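There are 2 protein chains.
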Amino acid sequence: MSNRKYSIGIDFGTESARTVLVDLADGREVATAVFPYPDGVIDEKLPGSNIRLEPDWALQNPADYVQAVKDTVPRVLKESGVAAEDVIGIGIDFTACTMLPAKADGTPLCYLPEFRDKPHSWVKLWKHHAAQPEADRINQVARERGETWLSRYGGKISSEWFFPKALQILNDAPEIYEAADRLIEAADWIVWQLTGVETRNSCTAGYKAIWSKREGFPSPDFFAAVHPRMRNIVKEKMSETILPLGQRAGGLTAEMAVATGLRPGTAVAVANVDAHVSVPAATVVEPGRMVMIMGTSICHMVLGEEQKIVPGMCGVVEDGILPGFFGFEAGQSCVGDHFAWFVENCVPMHYQAEAQKAGLNLHQYLEKRAAVLKPGESGLLALDWWNGNRSVLVDADLTGLLLGATLATKAEEIYRALIEATAYGTRIIIETFEQSGVAVRELVATGGLPERNKLLMQIFADVTGREIKVAATSQAGSLGSAMHGAVAAGAKAGGYDTIQQAAAKMAHLKDEKYVPIPEHKRVYDQLYAEYVTLHDYFGRGANDVMKRLKRIKAEARS
Amino acid sequence: MSNRKYSIGIDFGTESARTVLVDLADGREVATAVFPYPDGVIDEKLPGSNIRLEPDWALQNPADYVQAVKDTVPRVLKESGVAAEDVIGIGIDFTACTMLPAKADGTPLCYLPEFRDKPHSWVKLWKHHAAQPEADRINQVARERGETWLSRYGGKISSEWFFPKALQILNDAPEIYEAADRLIEAADWIVWQLTGVETRNSCTAGYKAIWSKREGFPSPDFFAAVHPRMRNIVKEKMSETILPLGQRAGGLTAEMAVATGLRPGTAVAVANVDAHVSVPAATVVEPGRMVMIMGTSICHMVLGEEQKIVPGMCGVVEDGILPGFFGFEAGQSCVGDHFAWFVENCVPMHYQAEAQKAGLNLHQYLEKRAAVLKPGESGLLALDWWNGNRSVLVDADLTGLLLGATLATKAEEIYRALIEATAYGTRIIIETFEQSGVAVRELVATGGLPERNKLLMQIFADVTGREIKVAATSQAGSLGSAMHGAVAAGAKAGGYDTIQQAAAKMAHLKDEKYVPIPEHKRVYDQLYAEYVTLHDYFGRGANDVMKRLKRIKAEARS
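First to last, the protein sequences are chains E and D. So for the first sequence, the working numbering puts the first residue at 1; every next one is plus one. So for the second sequence, the working numbering puts the first residue at 1; every next one is plus one.
To be clear, the hints were calculated from the coordinates, so they are not data collected in a lab. It is possible that part of the hints are untrue.
If several chains are the same, the list does not tell them apart, and a pair holds so long as it fits within one copy or across any two.
[Stated by the list, open to error] List of simulated lysine-lysine pairs, BS3-like, C-alpha gap at most 25 Å:
1) Lys-368 x Lys-45
2) Lys-547 x Lys-357
3) Lys-118 x Lys-492
4) Lys-547 x Lys-521
5) Lys-308 x Lys-505
6) Lys-553 x Lys-521
7) Lys-553 x Lys-513
8) Lys-374 x Lys-513
9) Lys-550 x Lys-156
10) Lys-521 x Lys-510
11) Lys-454 x Lys-368
12) Lys-547 x Lys-374
As the structure is a prediction and not an experimental result, all values here were calculated from the model.
All chains should be built: construct the whole structure from the sequences, respecting the hints.
Set out below in structure tokens:
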């Protein structure tokens, strides 16, 4: 038995799980293993069948999650050479809301032969978008009843969340709803599989299932108004015991110990969400520093001392990110996706040829050409709504806009305008937070984009007028989970008693940072003012042309 | 000497001249010859020198025009086998305003050794855009003095026109201005070379030099207010004798007869402009039928019985298109250019590969893919202002807009949206004419686009709700000029006494026509309403973001 202690973090993503074994002394990532889910995202037919899914469906197989644990944990142990007794804790984070129906013993309904052929018995992945009618119903009833919790979620809940998905099961497959003893986040379910103990965590409960520490879940009367059979959904199929993050859910079961090579009883933390667990991994354990998890989309996470109602944010949850704080979340639905769309659909052939000659991919080549442009030089301005607006307007029906093109406009100018548009989108989120009393003094970035696109990072600094630091880790989810595993183990076992203490030792920033360039900021202030005018004109009802075009489009396609 | 009589039309374009020999009985184009100008468009340095031109300059060499005549006329005679005595008339049309300074005997100043090195001694081509400050000055003085002629030109004259170019010579090279006995349209100059007689035509005088049949040119007081030295510009360097179109300017000189193989004294018509001469060639000799000359841009020409002031049109000129009518002109500055920009800058590599496999060029391939889309199906809407707005807003500082994009938007959808935008642009021109009392019942198309893009033509019919017929000729300029040559010769010589009579025999429509499809029209009516809202919002001062972006762009580049 050595002096050094370790913990394991498992980040359950959309396509794969990523497991990291971390040194508790300094957060060093000693070994990593990735496991692609055999059934991946199920959006065409149920595995091993010809049963077709409707459009907008996205399911997963819970067996893939268990297999991921059994595959990756032995691999990181082996690769690191760390002894099982020196691994004192495990944490996990998950996509959310990703939920499933299960029996009282935790068996997913899709494991049972009588339900296997029913799509509603499988895991509904976060990006299952088929419950929009149910979300609409819930929002309508909430507005009619004046439910006060609605304001904590920017005035509208998403079809991706827990109750729309639950209601869709009830509406479309009441027999599944009846047979389900539990409706549970996959995050909590995998912790249950590891520990044999069913727990629910404050993060998914708060951000995805309308729970708050002070008010609990919406009332049975509310649920009954949505659907009579749903009156007691919380009591019948969920739990009112919601645990704060970092708490020990239980110890690893004997069976899981054998399967993973870890010791039975190893502390397992309650579940967490990928974006939220990244916050302490990016060194942020206090108010005023916003974490941006920057990839296909951006999640903006910031802590506050008090509950504030911020227009159009995704949610505010007490203990939702770190115990003892209100966690605020906002988001942009189209960032990396935006650039990928552009590169796939709008870049002419000769650029490809020139990129190849220069040994660059198209993103790199466009970045290089865009980097020599000055702010404002293209004359272009875009609204970053190619995938709707998640915050501040919370409106999926908004669409993209590009303004200012001339016959001399080049692809790299449009590419840069799209980057700038996403930066304006982040700035309006930050300003909305600040106007609502939630301070945002500094930005800390994590995710794939900061590692790939320095131009983008500088533009974000110039547009927002804030320094941007970058988390040292490239796997903030797994590291954050490992940190929570260390907290679940506690200081006596060689871990930490609080996530703050864990972050102080285990989370680091890169040396590089992005500092706003004053002359860029000056130009971007002018352009941002134009962005806000267009944002409000097209987004706040003065001209609903985008929605009317969507309606005409739907009619044309029907 | 045969029974059949012929005439020759010469269309002096931007890059080349195109000569056609036409059978007067039926307009059959018997032989064609094209002559690319040896010096082409001079926009970098003066020919045979290292004298560099400023940006926005565009010059030509008048010797190229003469050479074009001497090259092409013998070729069409030879190719057709027609005898010189059976060619009874010649007409020419030209780009405009394309103008030059000359001596009293017609010698261009750039032929003279003492001026050859001075850029201002050469021909200023229509697209010489360096006289914008002079245009601004003229417009300002006209507004201040309340000059009534301004309303005939949509409230603003263009930097491309005659007096801005003349004033630029005076401002930058007063010695050239002084040395010039004549400032003259190249159109009139080449007729002078052919006949030895100096004439001025009502078309260029009216549309480019602010002349009207009833009011003449602006007053000496006006010119003096612009620049004291300009007071007597008309009297000193131009002519107040303006001849109607189709009139005989003179007979071919002995020298030109030798050079071309035609007979001395062959009737030569007064000069004309390319777009305007196309109108009778497209069979239009009466009000109510608008001719669209569709290429890189569109010129919209329609005849009226009375002078009407149409907001934002290019001009109304009595006798400007056909004697006896008011000729109205409007235009869109970015049509074929728009699609060329898109194909050059925005189409991804795999489309190129698929187009090649299908044996199509990119335009054809995009048209094929765009043709299967239904109106409204893309959810996209564009403003066709990539090159500013020529009519109805007359504002070069407006820029392009694309709205409605999503992550599923494809190149062919954008391509179709750009086509639709140009059709909306034409519809708003038509509606502005009609609201001002100028009827537009039917459209007749000519130019390159109608031959190449059937989808575009159908969309124009669907959007405007008007039948579109297509001129039979693919060289409406040359044919129209030949028709005017026949009128200059007159019926006694075997030609025609009026352009109407010539058109009745010599101009034809194709059998094909484009008829609006009611269900498309219904959808396009909705989309057009959205276009008008955006057109007015961005174009009429509610949100001048495009101009502010241009200013920021100019600052960034300075």
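A quick look at each hint next to the structure:
Proximity of Lys-368 and Lys-45 under a CA criterion of 25 Å is satisfied in neither setting, with 42 Å inside one chain copy and 32 Å between copies. Taking CA atoms no more than 25 Å apart as the test, Lys-547 paired with Lys-357 passes in neither setting, with 43 Å inside one copy and 38 Å between copies. For a Cα distance limit of 25 Å, the shortest separation of Lys-118 from Lys-492 qualifies neither inside one copy, at 47 Å, nor across copies, at 91 Å. With identical chains, the CA atoms of Lys-547 and Lys-521 are at most 25 Å apart between copies only, with a shortest distance of 20 Å across copies and 33 Å within one.
In this assembly of identical chains, Lys-308 and Lys-505 lie within 25 Å of each other by CA distance neither inside one copy nor across copies; the values are 31 Å within and 81 Å between. For the homomeric pair Lys-553 and Lys-521, the shortest alpha-carbon distance between copies (15 Å) is at most 25 Å, but the shortest distance inside one copy (39 Å) is not. Taking the shortest alpha-carbon separations for Lys-553 and Lys-513, neither the intra-copy value of 44 Å nor the inter-copy value of 28 Å comes in at or below 25 Å. For a Cα distance limit of 25 Å, the shortest separation of Lys-374 from Lys-513 inside one copy, 20 Å, qualifies, whereas the shortest one across copies, 49 Å, does not.
In the homo-oligomer, the alpha carbons of Lys-550 and Lys-156 lie at most 25 Å apart inside one protomer (20 Å), although the nearest pairing across protomers, at 38 Å, exceeds that limit. Only within a single protomer do Lys-521 and Lys-510 lie at most 25 Å apart by alpha-carbon distance; the minimum there is 24 Å, versus 59 Å between protomers. Within a single copy, Lys-454 and Lys-368 get their C-alpha atoms as close as 10 Å, which meets the 25 Å cut-off; across copies the closest is 40 Å, which misses it. In this assembly of identical chains, the alpha carbons of Lys-547 and Lys-374 lie at most 25 Å apart only when taken from different copies (18 Å versus 34 Å within one copy).
Violation of the numbered hints given earlier is confined to hints 1, 2, 3, 5, 7; the remaining hints are satisfied by the structure.
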